[in-house]
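Student: Letter by letter, the chains look like this.
Number of protein chains: 2
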Amino acid sequence: MPASQEEASLSDALVILDPDQTDLLRELDATFTGWGRSAGAREILPPPMYPVSDLEKFDVYVNFPHLNLVAAPLDLEAGRGKPVDGRFAAGDLGAARFGLPHATCYGAYLYYEGTRVDDNTLVTLVNRCFRNEDRFSPLRRLVSFQMREIVALGTFEHTQNVIAEFTGRIDRFARALSLDLKKVAATDPFFENDGARALLQRLSPVKYEFCRGDLAIASVNTHRNFFGERCDIRLRQGGEHAYTGCVAFGLERWLAVLDEQYGGDARQALESVRAAAQQVG
Amino acid sequence: MPASQEEASLSDALVILDPDQTDLLRELDATFTGWGRSAGAREILPPPMYPVSDLEKFDVYVNFPHLNLVAAPLDLEAGRGKPVDGRFAAGDLGAARFGLPHATCYGAYLYYEGTRVDDNTLVTLVNRCFRNEDRFSPLRRLVSFQMREIVALGTFEHTQNVIAEFTGRIDRFARALSLDLKKVAATDPFFENDGARALLQRLSPVKYEFCRGDLAIASVNTHRNFFGERCDIRLRQGGEHAYTGCVAFGLERWLAVLDEQYGGDARQALESVRAAAQQVG
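Respectively, the protein sequence lines represent chains A and B.
Quick note on numbering: the first sequence equals residues 1 to 281 in our numbering.
Quick note on numbering: the second sequence equals residues 1 to 281 in our numbering.
Keep in mind the hints are simulated off the structure, nothing from the lab.
Don't take each hint at face value.
Note: identical chains are not told apart, hence a pair may lie in one copy or across any two.
To be verified - The list that follows gives simulated cross-link-like pairs (lysine-lysine, DSBU-like), each with its CA atoms no further than 30 Å apart:
1) K82 / K57
2) K82 / K207
3) K183 / K207
Source: prediction; values computed, not measured.
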């Protein structure tokens, strides 16, 4: 790729939000968090990196190796210690012990790892997520973005109740904003290498995305007991592995969609989000 | 290092905050942000990584190369594509085009890069910061932590007024919390390779840290026109390079100190922070 084209793609990959965009993103996040709290969730706060050995538990290096970014130190003995043409070559880097997550909910499973949970556990968290995409697009496809999640752990029935409840809220919120969102069944690459779950997924979709055009701005996800098993999270009553499910909001993507809807007027969008949130309750 | 010892050091490097700690961190952040707003700042929202070519402008790879972490993709052709013993070797990694920042205020200079600012510009932002430390300690010395900053850009006098005002607020807030904070002159490695500024720094300290014991939980920093020059930020009136200064709060470190002060009772700490914030106004 010519240097100038790569430069352009790098500047599409990241954004510093201006004050009006920041207020809007904070309002959206407060709205989704409020839905979580009103459903009984408390908030936990995860870091934006984990030991590689933790992320490995979730098959991320098997199922989507190309998407991953890891945090490497500089090798100041073998390497040059400084970037050349805006990059460090592999030979400049030391071994990477930390990985950058590409989804927020991992933090919830690591938080509850090795513990027993109530049948109807609900928690919310937001994190910076990282995806090494082939191409980037401002607000829509960033190398780093924010994802708010509401995560249910407990019985399978609890996960499905939470997903049903939030599906309804997302629908009502979108209608109140006159946003034309389509709920689309999707596949989840988590389960591609897991025969039984891959079969179940073909029989009954485990992921639905809420899309405006081709852009998914929210999703609801059923993981069955995949994460419960991987993190040995068990039900307090009975001791079987917990089922999990999550509701995810891509915050910058909501900004992208509202930017379109309100012709770039983030203040007007903020007013509308406030009004819609009040309407949905 | 034996594997078990390294495992321990990795788990000291990161923390997932529980709900009470999360509420406390959010309250502290809202308090410091409120001080910024009441002084006229609006908030911007930076990403937790930047092109290496942007961070390079700030001499980070010259002045503290050991502290830096960069985000590398996996080389799926030459590398093994999976971690061994919880790490990817350098040979498993591709070239790194993005760096992870170790301070928050870079986002402000990149936001205003190439623009003209008013004499008394004030902005606030929080970010995830990353430091590849030799040793880690829970909440006190993490590989990734949150830093809230209030950044002044404009005339030198403006930067000094903001620093004086926030020094007073920090002092009053600490007193209201009965926190024994000491203001300590420190040196800033930014200017070590810059002859004239290094001399100025020896004549007149440009960094003061607010320490409890040996732990700095806040700092005030005078950068003169270093960042204004590096990012070509100029004064709207007159066109000379802007002066900058910043006030920084290490949020997890405040948690560490309040945890000590309140014997691990984060809810009691939250009540005290609310009361102290009201008192300071």
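Student: Any of the earlier hints contradicted here, and which numbers?
Tutor: Those not satisfied: there are none.
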